[in-house]
Amino acid sequence: MQRPDQIELFVPFVFLHMPWNPISGDAVFTPKDNRQQHLTIDDFEATPIANFFELWRDFNGRRLPVTYDREWLDVVAVHSNNKISLAVTNMGGRQLLLDLSSIQQQYPEVSTRQTRLNYHEGDLTFQPNQPVEINAIPVDVNETTVIHLMPKKKVKPTQGVHQKRYYARKTAVKSTGAPILFQITTPKAASTTKARLVIGVHRTGGLDTPLKTTINEIPMTIDVGDAAEFTDFFAPLAVPVPPSALQEINTITVMAQPGTTVASVQLVTTSTPTSL
571 MQRPDQIELF VPFVFLHMPW NPISGDAVFT PKDNRQQHLT IDDFEATPIA
621 NFFELWRDFN GRRLPVTYDR EWLDVVAVHS NNKISLAVTN MGGRQLLLDL
671 SSIQQQYPEV STRQTRLNYH EGDLTFQPNQ PVEINAIPVD VNETTVIHLM
721 PKKKVKPTQG VHQKRYYARK TAVKSTGAPI LFQITTPKAA STTKARLVIG
771 VHRTGGLDTP LKTTINEIPM TIDVGDAAEF TDFFAPLAVP VPPSALQEIN
821 TITVMAQPGT TVASVQLVTT STPTSL
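Residue numbers are given in the working numbering: position 182 of the sequence shown equals residue 752, and the series is strictly consecutive.
Hint data in this document are derived by calculation from the structure and do not stem from the laboratory. The beta carbon of each residue, even a glycine, is placed where N, CA and C say it ideally should be. Relax, there's no trap hidden among the hints.
What follows is a set of in silico ranges between Cβ atoms, one per label pair, in the way DEER data are often shown:
#, residue 1, residue 2, range
1, D613, D693, 25 to 33 Å
2, A620, Q676, 30 to 38 Å
3, P780, A620, 34 to 42 Å
4, P780, P592, 41 to 49 Å
5, H772, S650, 34 to 42 Å
6, D669, P592, 40 to 48 Å
7, K740, Q676, 43 to 51 Å
8, D669, Y737, 34 to 42 Å
Model the full assembly from the supplied sequences, consistent with the hints where possible.
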């Protein structure tokens with residue numbers, strides 16, 4: 571739920587109700603104590619888990635291009651009717667204050683609201699949709715927050731985004747320190763404007779050595795950030811790839827610290843659609 575930009579397909583694991591352990595607090599609903607039977611929704615009460623659905627309420631629309639210059643940050647923007655929504659994920663080690671006021675150059679009158687769901691001092695904390703200053707939007711460490719911008723002026727985007735993901739067939743390969751070979755087939759599209767290589771890795775004890783990789787014999791190094799601080803590191807690591815480097819069959823090698831499991835390898839391409 572915290573990485574909507576990185577997970578294209580997954581099996582939902584949020585339980586609405588857990589009959590085998592009904593009061594664990596790990597499901598969306600827990601049975602009310604004052605009922606002899608629990609047959610309808612009124613016989614249950616929502617737990618904090620239900621707020622995961624509230625975080626993504628009304629986040630939909632056509633994708634918009636986003637530019638930013640910061641590592642360990644990911645932003646997805648969509649628009650629907652007269653609303654622009656952003657999902658911002660801060661994967662860095664510092665709290666952020668976002669400044670989105672540049673949109674006022676095109677839309678001078680715009681209201682800004684934010685929905686937050688994160689862990690604060692060990693507790694799952696939910697802040698429902700509420701007004702926020704457009705030039706000082708808080709994002710905590712390892713938080714995904716949803717921001718809604720509602721201009722009074724009609725939203726007329728001039729450019730959209732089309733994103734595709736292509737996966738290597740090999741998965742969950744244990745590293746001995748030697749290069750591991752993968753292949754990914756991608757159509758050669760002249761409209762591709764951006765590309766990145768995303769490698770999912772797991773290692774007990776964390777990662778303290780950069781990931782070395784090549785794509786079609788072009789060498790690249792992937793910074794692992796603060797991965798050494800985790801007792802069990804399991805996350806995707808990414809590096810930009812020049813679109814001109816892509817071929818129909820892409821040969822990729824990954825050289826990781828011994829004991830690392832390379833869970834998956836994917837290429838993410840971004841292109842400009844011919845129509846919005």
